[in-house]
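Based on the provided sequences and hints, a complete structural model is requested.
Heads up, the sequence shown is in the numbering used here, so the first residue is 1 and it goes up one at a time.
Accuracy of the hints is not assured; some may be wrong.
[Stated by the list, open to error] Per label pair, the in silico range of CB-to-CB distance:
no., residue 1, residue 2, range
1, D23, M1, 14 to 22 Å
2, N13, A83, 17 to 25 Å
3, Q31, F97, 12 to 20 Å
4, P94, E61, 14 to 22 Å
5, D92, T15, 30 to 38 Å
6, Q31, K54, 27 to 35 Å
7, C86, G50, 16 to 24 Å
8, D51, R30, 28 to 36 Å
9, D92, V14, 29 to 37 Å
10, T15, G50, 15 to 23 Å
11, A64, K98, 17 to 25 Å
Everything labelled a hint here was simulated from the structure, so no lab data went into it. Predicted model only: the values in this text are computed from it and were never measured. For glycine and all other residues, C-beta sits at the position ideal for the given N, C-alpha and C.
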Amino acid sequence: MKRVYIAHPLRGNVTENIQQATDICLKYARQGEVIPLSPLHAFQFLDITGDQVKAMQMCFELLAMCDELWIHGPWWTSEGCQAEICFAGCRDIPVRFK
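Next comes the structure, spelled out in structure tokens:
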């Protein structure tokens with residue numbers, strides 16, 4: 001199965017954004033065509049007010065293992081989503097805006 005990195009903004013309404021990402025991943029998991037990988041879930045142990053450089057390094061490592069990047073939510077408001085799009089583009093990882 002294809003490994004898909006699910007990008008979604010985190011900051012702002014954190015609780016709502018995590019719930020939206022959960023719903024998105026659950027939908028794809030139930031469809032059974034891809035393996036959804038969400039950094040919001042994979043790295044939820046990190047402090048969102050903490051070291052963002054380290055957090056993004058971890059996100060990039062996860063993204064590098066994926067076959068595609070799927071963007072959800074208002075990505076243009078998120079520096080993290082924008083960085084993930086740039087990272088994927090530099091590595092020829094297909095990007096899909098959902």
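Hint-by-hint comparison with the structure:
1. About 20 Å separates the C-beta atoms of D23 and M1, a value consistent with the hinted range of 14 to 22 Å.
2. The supplied range of 17 to 25 Å is met by N13 and A83, whose beta-carbon atoms lie about 21 Å from each other.
3. For the pair Q31 and F97, the beta carbons lie near 18 Å from each other, so the given range of 12 to 20 Å is met.
4. A hinted range of 14 to 22 Å holds for the C-beta pair P94 and E61, which are about 18 Å apart.
5. In this structure, D92 and T15 meet the distance hint of 30 to 38 Å, their C-beta atoms being roughly 35 Å apart.
6. Distance hint for Q31 and K54: a CB-CB separation of about 33 Å, consistent with the stated range 27 to 35 Å.
7. Taken as a hint, the range 16 to 24 Å holds for the pair C86 and G50, whose Cβ atoms sit roughly 22 Å apart.
8. Against the hinted window of 28 to 36 Å, the Cβ-Cβ separation of D51 and R30 comes to about 34 Å, which satisfies the hint.
9. Take D92 and V14: their Cβ atoms lie about 32 Å apart, and the range 29 to 37 Å holds.
10. The supplied range of 15 to 23 Å is met by T15 and G50, whose beta-carbon atoms lie about 18 Å from each other.
11. Here the CB-CB span from A64 to K98 is close to 21 Å, well matched to the stated 17 to 25 Å.
In summary, this structure violates none of the numbered hints.
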